[in-house]
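Visitor: With chain A's structure known, arrange chain B on it following the hints.
2 protein chains.
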Amino acid sequence: MLYIPFDDARREMKRVLLTRGCPDDKAQKVSYELARNSLEGVYTHGINRFPRLVRNIDEGIVRLDVMPVKLHGFGAIENYDGQLGLGIVNAAFAMERCIDLAGTHGIGFVALRNTNHWLRAATYGDQACEAGMAAICFSNTMPNMPAWGAVDARIGNNPLTIAFPREGGHVIVDMAMSQFSYGALEKAQLAGQQMPIDAGFDSQGQLTRDPAQVIASKRLIPTGYWKGSALSFLLDIFAGCMSLGNTVAGIGRLPGDEHGLSQVFMAINYKKIDPDHLTGATLEDAVADLLRSTPDEHTERIVFPGQRRQEIKRKNLADGIPVDERIWAAVKALG
Amino acid sequence: MLYIPFDDARREMKRVLLTRGCPDDKAQKVSYELARNSLEGVYTHGINRFPRLVRNIDEGIVRLDVMPVKLHGFGAIENYDGQLGLGIVNAAFAMERCIDLAGTHGIGFVALRNTNHWLRAATYGDQACEAGMAAICFSNTMPNMPAWGAVDARIGNNPLTIAFPREGGHVIVDMAMSQFSYGALEKAQLAGQQMPIDAGFDSQGQLTRDPAQVIASKRLIPTGYWKGSALSFLLDIFAGCMSLGNTVAGIGRLPGDEHGLSQVFMAINYKKIDPDHLTGATLEDAVADLLRSTPDEHTERIVFPGQRRQEIKRKNLADGIPVDERIWAAVKALG
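These protein sequences, in sequence, are chains A and B.
Each residue of the first sequence is one higher than the one before, counting from 2 in my numbering.
Each residue of the second sequence is one higher than the one before, counting from 2 in my numbering.
Possibly wrong hints are sitting among the right ones.
All copies of an identical chain are treated as equivalent in the list; a pair is satisfied when it fits inside any one copy or across any two copies.
[Claimed, not checked] DSBU-like, lysine-lysine: derived pairs with alpha carbons at most 35 Å apart:
| no. | residue 1 | residue 2 |
| --- | --- | --- |
| 1 | Lys-314 | Lys-30 |
| 2 | Lys-273 | Lys-27 |
| 3 | Lys-314 | Lys-27 |
| 4 | Lys-272 | Lys-71 |
| 5 | Lys-273 | Lys-30 |
| 6 | Lys-272 | Lys-30 |
| 7 | Lys-273 | Lys-71 |
| 8 | Lys-27 | Lys-15 |
| 9 | Lys-272 | Lys-27 |
| 10 | Lys-316 | Lys-272 |
Everything labelled a hint here was simulated from the structure, so no lab data went into it.
Chain A with its partners taken away, still in its complex shape:
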C-alpha cells in the first residue's frame, strides 16, 4: 500500500484529464472531488475509479466540452439535459442551481438527464450543507440488481443522499440500494471472507453470506429486501420521469458502459423558516442522544452518519491516502 498526499493525488489526476483536452476548471473540479473521496475513505469512488472514468472519456460516453442545458422551469423546479458531460461537473452544477432556486423560493428542485456517474452522492449533500442548506439527491444507475422476488437484474442500486448542515460536522447519509456492491463482494472473496450478513441469493435461491455464491448467481439483495427494491424503483421513476430522461430500463438498453443517467437534486433553505435559530440545539440534542447509545457485542462505539468520514479525513491528511500500488501505477501510466 502506498500513502499518497492529497495534493499529489489531485495533481496527478488533473494532469491525466488535461491530456484528454479537459478544460482546466473541470479538470480541477473532478480531480479535487475524486481525491477528496479517497481522502474521506470512499476509496471505491475516488482514485480507484479514475482509470474507468478516463476509459469512459476515451470511449466518448463522457464528454468534456459540454455543460447542462436547461429544458424547462417553473418556479422552484427545473430540468436539464446533461449532454453526457462529466458526472461530477454536471451534478455540482445542478446542486448549485438548486441552491440558487432555494435562495429565492426556499427550496430548489432540479432533475438532470443524460448525465454520468456522479461518483459519490454525499458530495452534493455536502455542497448544500456548505451553503447552509439541507439536501436530498439521488441518481439512477444501469440495471444491476433483481427486484425483490426476481432473478434478473432490472432495477438499479440508485444511490441516495440526505444531508443536514451541522457546525461540528454535517450529518449525511449516502447509501446505494444494494446491501453490498460487487466491489465489496469481490474484496471479501479475494480475502476469503464471508459477508457479516446475508448478501444475496445462491443459484438455488437460498440467502447466503458467501460472496462467491452471490457473484456467481448475480443475485444481489436490495437493502431492506422488498423495501429497498420498492424504494429503488421509486427513486428511478422520480429521476427518469422528471428529467424527461432514461429510467433504469432505458439505461439498460444503451450500448457500452453505464452512461445517460438521470438524477434529482433538492436543496432546502430551512433557515428561512427558523428565524429564531431553534434548529441547532434540536440537532445537537438528537446527535447527543444517538451517541449515548449502548454499543452491542460487535461494536466499539456508535457514530452519527457522516462522523467517520471526518475522522478518516484527518488521518489521511496526516498520513497520506492509502492507494494500492497497482492502481497508483495505472494512474501514473495514463497520459
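Guide: Leaving out everything else, chain B in the frame of chain A:
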C-alpha cells in the same frame, strides 16, 4: 373472521368519534381513511388501530378541536404546529398546503410539529397523486429501535412514502425503517412461525429469524441494517429540525403513549416541467420492464410498488374487509 362492508366500517368508526365530540367533518375524514387502510389491506393501520386512537383521544394526547397553525413561511416552504390534533387531519392539511404551494412554486414543502400518528404514510402520497403531483413524505416516531450496532432503542422506525401518479394505478412505496414491526413479529409468534429473513438480534447479539427472541431482546433491526439506521436518523433530523419540533429523542422524553411527532411533506408539480407530456410513456416503460422480471423460486409474480393494494381493494370491496371478531366487537363496544 368477519367480513365488514367498507361503508359499515366507516360508519361505525364515525359513530364512535362523534361520541367523543369530534367535529363531523373530521370524524368523516378519519373514519374514511381508517376504513380505506383496511380496505386496501393495511389492516394494522386501519380498523385494528382504531381502539388505540380512541384511547389516545380519551387520554387527551390527541385533540379534536384544533387545526395546524402556521409558524413561518418563505416561498415554497412553510412550517406548522399541529397542536396535537388528529394525525390524519393534520397530515392531510399539510399535504393540501404542499399541493397549493406547488401550484404556485412548482414544489411545496411543509414541516409539521406537535402532530400525531398519521396512520398510513401512503395516504398522503396518494393525495398528491390524485392532484397530479409526485410526493415525498416522512414522519418520526417514538424511539422504538436500536441504531445499528447499539442495543438500546434511540432511533425511530420513521415511515417514509414516495409516490408518483400513474393512470393505471399510482406507484407508491410506503415503508418504515424497521425491517419488521412488533405487530408483524407478534403475529408470527402467535402462529408459531419463523420470520422469512433475519428479524433482529437475540439477547446474545446473534441475528435470528425467531420472533420470540427479538420481542424478548427488543433488538429489532433497521431495514438495510446500517443503511436504514442512518436513513432513519436523517429523516428524523429533517422532520424534527425543520418543524422546530421534537426529534425522536424529544418524543422519547414525553410521558404516555406516542405523540408530539414531527413530519415533512413535499408535493412536486412535475407536469409544469413536462410541457410535451413525455413522462407517462417513460413511466409505463419502466413499470412494464419491472413486470417482465423472471420470478425467483419463492415468488409467483412480480408487482410494482402500489399494485397489490389495488387488487386487495377490489377484493375487499366485493367481499367485505376481513376483521377479527374481537377487534370488531371492541369497536362496536366503544361509545
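Visitor: Each of the hints needs a verdict: does it hold here or not?
Guide: Hint check:
1. Taking the shortest Cα distances, Lys-314 and Lys-30 sit within 35 Å of each other inside one copy (18 Å), while across copies they are farther apart (52 Å).
2. Taking the closest pair of Cα atoms, Lys-273 and Lys-27 come within 35 Å of each other both inside a single copy (32 Å) and across two copies (32 Å).
3. In the homo-oligomer, the alpha carbons of Lys-314 and Lys-27 lie at most 35 Å apart inside one protomer (23 Å), although the nearest pairing across protomers, at 53 Å, exceeds that limit.
4. Proximity of Lys-272 to Lys-71 under the C-alpha cut-off of 35 Å is found in both arrangements, the shortest distances being 28 Å within a copy and 16 Å between copies.
5. With identical chains, the CA atoms of Lys-273 and Lys-30 are at most 35 Å apart both within one copy (30 Å) and between copies (32 Å).
6. Proximity of Lys-272 and Lys-30 under a CA criterion of 35 Å is satisfied in both settings, with 28 Å inside one chain copy and 34 Å between copies.
7. Taking the shortest alpha-carbon separations for Lys-273 and Lys-71, both the intra-copy value of 27 Å and the inter-copy value of 14 Å come in at or below 35 Å.
8. Proximity of Lys-27 to Lys-15 under the C-alpha cut-off of 35 Å is restricted to the intra-copy arrangement: shortest distance 9 Å within a copy versus 62 Å between copies.
9. With identical chains, the CA atoms of Lys-272 and Lys-27 are at most 35 Å apart both within one copy (31 Å) and between copies (33 Å).
10. For a Cα distance limit of 35 Å, the shortest separation of Lys-316 from Lys-272 inside one copy, 33 Å, qualifies, whereas the shortest one across copies, 48 Å, does not.
When each numbered hint is compared with the structure, no violation occurs for any of them.
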